[in-house]
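**Q** Residues per chain are reported as follows:
There are 2 protein chains.
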Amino acid sequence: MKPTLPKGTRDLGPDQVDRRQHIFGVIREAFVRRGYRPLETPAMESLDTLTGKYGEEGDQLLFKILNNGDYLAKADPAALESRDSALLTRSIAKRGLRYDLTVPFARYVAMNQHLLSFPFKRYQIQPVWRADRPQKGRYQEFFQCDADVIGSSSLMYEAELIRVYDEVFHALGIPVEIRINHRRLLQGLARICRLESHWQTLTTAMDKADKIGWDGVQAELIRHGLPAELVDRAIRLLQSSPSGARDADLAADPDGAAGLSELAEIRTYLGSAPLHNRLVDDLTLARGLSYYTGAILEVKATEVAMGSLGGGGRYADLTGLFGLPGMSGVGISFGADRIYDVMEEQRLFPASALHRLQVLVLCLDAEGHAESYRLTESLRASGIIADLYPEAAKLQKMMKYADSIGAGHVLIIGEEERASGLYTLRHMAEGIQQKLDLKGIIHALTAPTNC
Amino acid sequence: MKPTLPKGTRDLGPDQVDRRQHIFGVIREAFVRRGYRPLETPAMESLDTLTGKYGEEGDQLLFKILNNGDYLAKADPAALESRDSALLTRSIAKRGLRYDLTVPFARYVAMNQHLLSFPFKRYQIQPVWRADRPQKGRYQEFFQCDADVIGSSSLMYEAELIRVYDEVFHALGIPVEIRINHRRLLQGLARICRLESHWQTLTTAMDKADKIGWDGVQAELIRHGLPAELVDRAIRLLQSSPSGARDADLAADPDGAAGLSELAEIRTYLGSAPLHNRLVDDLTLARGLSYYTGAILEVKATEVAMGSLGGGGRYADLTGLFGLPGMSGVGISFGADRIYDVMEEQRLFPASALHRLQVLVLCLDAEGHAESYRLTESLRASGIIADLYPEAAKLQKMMKYADSIGAGHVLIIGEEERASGLYTLRHMAEGIQQKLDLKGIIHALTAPTNC
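Going down the list, the protein sequences come from chains G and X.
When the letters of the first sequence are read in order and numbered with this note's numbering, they come out as residues 1 to 451.
When the letters of the second sequence are read in order and numbered with this note's numbering, they come out as residues 452 to 902.
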């Protein structure tokens with residue numbers, strides 16, 4: 001049989017895994033140093049846990065797992081009779097694959113509320129699965145990378161998560177802009193413009209300004225039946241600069257005032273220690289997720305056209321659905337696949353991200369092969385990534401292999417080299433050769449430039 | 452709703468994830484230094500790829516994923532009519548969850564044969580799913596941790612993988628015995644005892660000697676109709692020590708001679724550099740997997756009663772099923788869950804495996820909170836795992852939190868401390884307090900014992 005992969009899935013080969021681990025490593029480090037602890041939840045959750053959390057469209061995109069054994073024995077006869085797939089699913093599939101990391105986190109916190117100490121800070125880096133139509137560069141299995149603090153309303157955490165974004169993107173070499181807004185500013189804006197009852201329509205349209213322009217937003221709002229005059233005012237306010245008249249208007253509204261005050265407090269926490277990237281107030285930032293109730297964050301690359309590389313915000317109640325109400329939290333996520341694409345496009349991955357061979361040992365004669373293997377083990381014991389070509393072969397053949405796997409150096413060992421204890425170390429890219437003893441080789445390969 | 456987890460699944464909390472990462476980190480390091488590269492395959496594979504690879508029982512333990520959308524529209528009407536679950540599955544589920552890492556690896560190699568350079572060395576650490584009946588300590592989702600070299604028959608790799616086992620278990624602090632055998636020795640043994648045609652029965656029974664004793668093995672073989680005299684001879688040979696008469700008998704058989712010669716060559720590669728653990732010839736070692744054709748390896752803890760902590764061997768043809776015949780390979784795997792259990796039982800996890808807070812900063816007055824946050828960020832910038840209690844609160848309450856999350860130290864900041872720049876650093880376990888300035892705190896927390 002000719003093997004294939006299911007549509008929408010992919011293998012990650014060696015270089016891809018190494019590079020993705022580089023990204024995750026930088027992110028993990030920033031979280032760990034701030035007291036975030038790791039959590040891993042199972043790929044399979046009860047469909048009771050997942051269903052109804054992601055809207056109707058989300059429910060359709062859940063991958064459902066067929067019950068094992070003779071599942072038809074317990075299947076709903078009416079659903080079978082009427083050939084109703086959706087109805088039948090309830091009786092033949094109890095489990096589904098994780099769709100995001102937020103719902104499993106909320107489920108975990110609710111289940112373990114008596115064991116956890118709050119505030120509880122966790123990060124989670126795991127794959128999720130969505131039955132989206134596969135597209136170029138979009139997969140049905142992809143990694144998410146989230147961190148949340150739950151059980152405190154302190155605005156210190158907003159500042160902390162801004163620092164995480166700033167530090168991570170700086171370490172990865174991606175210049176970004178961190179945008180911040182506050183849900184209560186948007187509520188204030190709606191009230192000022194007497195559009196309170198159209199708050200959802202307004203933010204949904206606003207969110208598209210990047211794609212359809214402000215004229216498009218205006219047209220959409222008017223198409224939805226909002227009064228033209230009020231729409232004009234809202235769009236003027238949204239586009240105005242965040243100072244002077246606009247903030248005075250917002251400050252006069254109770255929600256607007258609360259939003260402004262929280263944003264100011266976040267900046268107090270940030271203090272005067274400079275950020276590597278710009279933190280920008282952006283009243284037009286809405287973000288889709290309806291559970292945000294406080295500050296909202298989003299990260300965009302400044303030098304590449306690419307959707308957001310991360311986003312997050314504060315929610316007043318994430319675990320209420322699972323029977324634990326009133327837990328305020330704030331979280332952010334990193335768009336790992338987009339970050340990967342930006343770094344690849346801009347060639348930002350450091351050479352050290354790839355754990356390729358530093359040296360491939362080439363033994364010219366069968367008699368010396370076992371001895372060459374033992375020498376290779378000594379290199380490894382010194383922390384060098386080293387391997388030996390598995391048999392004595394023609395130099396050309398072995399060189400071709402070294403080249404194809406991207407080995408940094410080759411070390412050539414023949415009868416003469418074994419006798420003298422001096423071996424030829426060749427730098428593959430530069431073609432420079434040196435005769436060195438074992439100590440010299442270890443020194444050459446562990447010098448900082450070869451790490 | 453009261454949230455639950457599906458049977459057979461579990462969450463891994465912070466300490467568990469940290470500890471498991473410690474195990475994976477040690478294993479990964481040993482592989483990377485030997486030129487193994489990482490591979491990640493998707494959780495979902497085509498059922499065509501998975502079915503028929505794990506025997507009939509394995510097929511039943513595959514988790515199958517329901518096709519999305521109106522799957523009943525394409526369902527087999529006859530299967531629906533007859534309520535035949537197994538038959539219906541073929542028309543309503545195209546995908547299944549990964550059952551092990553070997554079949555996806557073989558599929559990957561066959562699919563990418565023209566892009567890969569051979570020998571190809573890969574390691575893979577990913578979860579797999581099996582619909583086994585859940586038991587205490589046994590889950591339907593668990594991690595496997597495999598490494599294989601494919602595309603070379605060099606016995607150097609057997610030696611290399613023995614070194615990996617030796618190094619990893621030494622680094623983890625688990626004393627083990629590495630057992631080695633060779634499939635051709637077992638074939639030779641069967642021929643010597645004139646039990647060639649009963650080779651499968653013999654090895655299957657042999658494999659149970661640990662559990663049912665040699666008397667039990669003998670009884671089982673006789674029950675299967677093998678001649679008592681020949682069975683006696685086989686068991687005498689199996690139990691005899693690996694030298695003198697026994698090896699002379701085996702050496703007289705072509706398969707036995709080949710097996711002995713390969714084992715000797717592996718020992719030549721290992722050379723005189725001592726192993727940390729014992730490498731033991733064990734003619735009774737068979738291991739279940741029928742695809743092994745050469746050397747067979749197994750690792751057992753010597754100081755705890757526990758099944759094998761790892762195993763592997765050489766196979767002449769792993770990818771033939773996927774259209775790429777004649778690829779010799781050798782691989783090993785680590786039993787991550789058992790290793791975890793041994794390490795927990797024996798308290799072998801180093802304190803450094805847990806990335807808990809080194810210091811929790813406690814601010815006594817609201818006025819100083821933002822300043823305390825910025826001081827906390829300076830500690831983090833020095834590489835210290837640090838956090839700040841999110842609000843000014845009673846010392847007792849904050850100390851209780853510090854204790855519950857296992858913080859190593861607390862740093863107490865009040866009005867007086869901010870004025871003087873001298874803060875109280877308290878070691879939680881020892882109860883010792885010091886007054887230090889910021890530099891002194893960083894020094895105290897980054898000294899080697901606190902890393």
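It is worth saying that the hints were derived from the structure and are not from the lab.
One thing to keep in mind: the hints can contain errors.
Stated by the list, open to error - No more than 30 Å apart at the CA atoms, straight line, and that leaves these computed lysine-lysine pairs for DSS-like: (1) G:K300 / G:K211; (2) X:K886 / X:K845; (3) X:K545 / G:K7; (4) X:K545 / X:K458; (5) X:K845 / X:K890; (6) G:K74 / X:K545; (7) X:K890 / G:K2; (8) X:K453 / G:K94; (9) G:K53 / X:K453; (10) X:K886 / X:K851; (11) X:K890 / G:K94; (12) X:K851 / X:K453; (13) G:K2 / X:K545; (14) X:K525 / G:K74.
**Q** Taking the hints in turn, state whether each one holds.
**A** A quick look at each hint next to the structure:
1. G:K300 / G:K211: 15 Å, holds
2. X:K886 / X:K845: 20 Å, holds
3. X:K545 / G:K7: The hint holds at about 11 Å.
4. X:K545 / X:K458: 24 Å, holds
5. X:K845 / X:K890: 27 Å, holds
6. G:K74 / X:K545: 21 Å, holds
7. X:K890 / G:K2: 64 Å, violated
8. X:K453 / G:K94: 16 Å, holds
9. G:K53 / X:K453: This hinted pair holds, its Cα atoms lying about 15 Å apart.
10. X:K886 / X:K851: Holds, because 21 Å separates the two Cα atoms, which is no more than 30 Å.
11. X:K890 / G:K94: 56 Å, violated
12. X:K851 / X:K453: 29 Å, holds
13. G:K2 / X:K545: Roughly 16 Å between the alpha carbons, so the hint for K2 (chain G) and K545 (chain X) holds.
14. X:K525 / G:K74: Holds, because 21 Å separates the two Cα atoms, which is no more than 30 Å.
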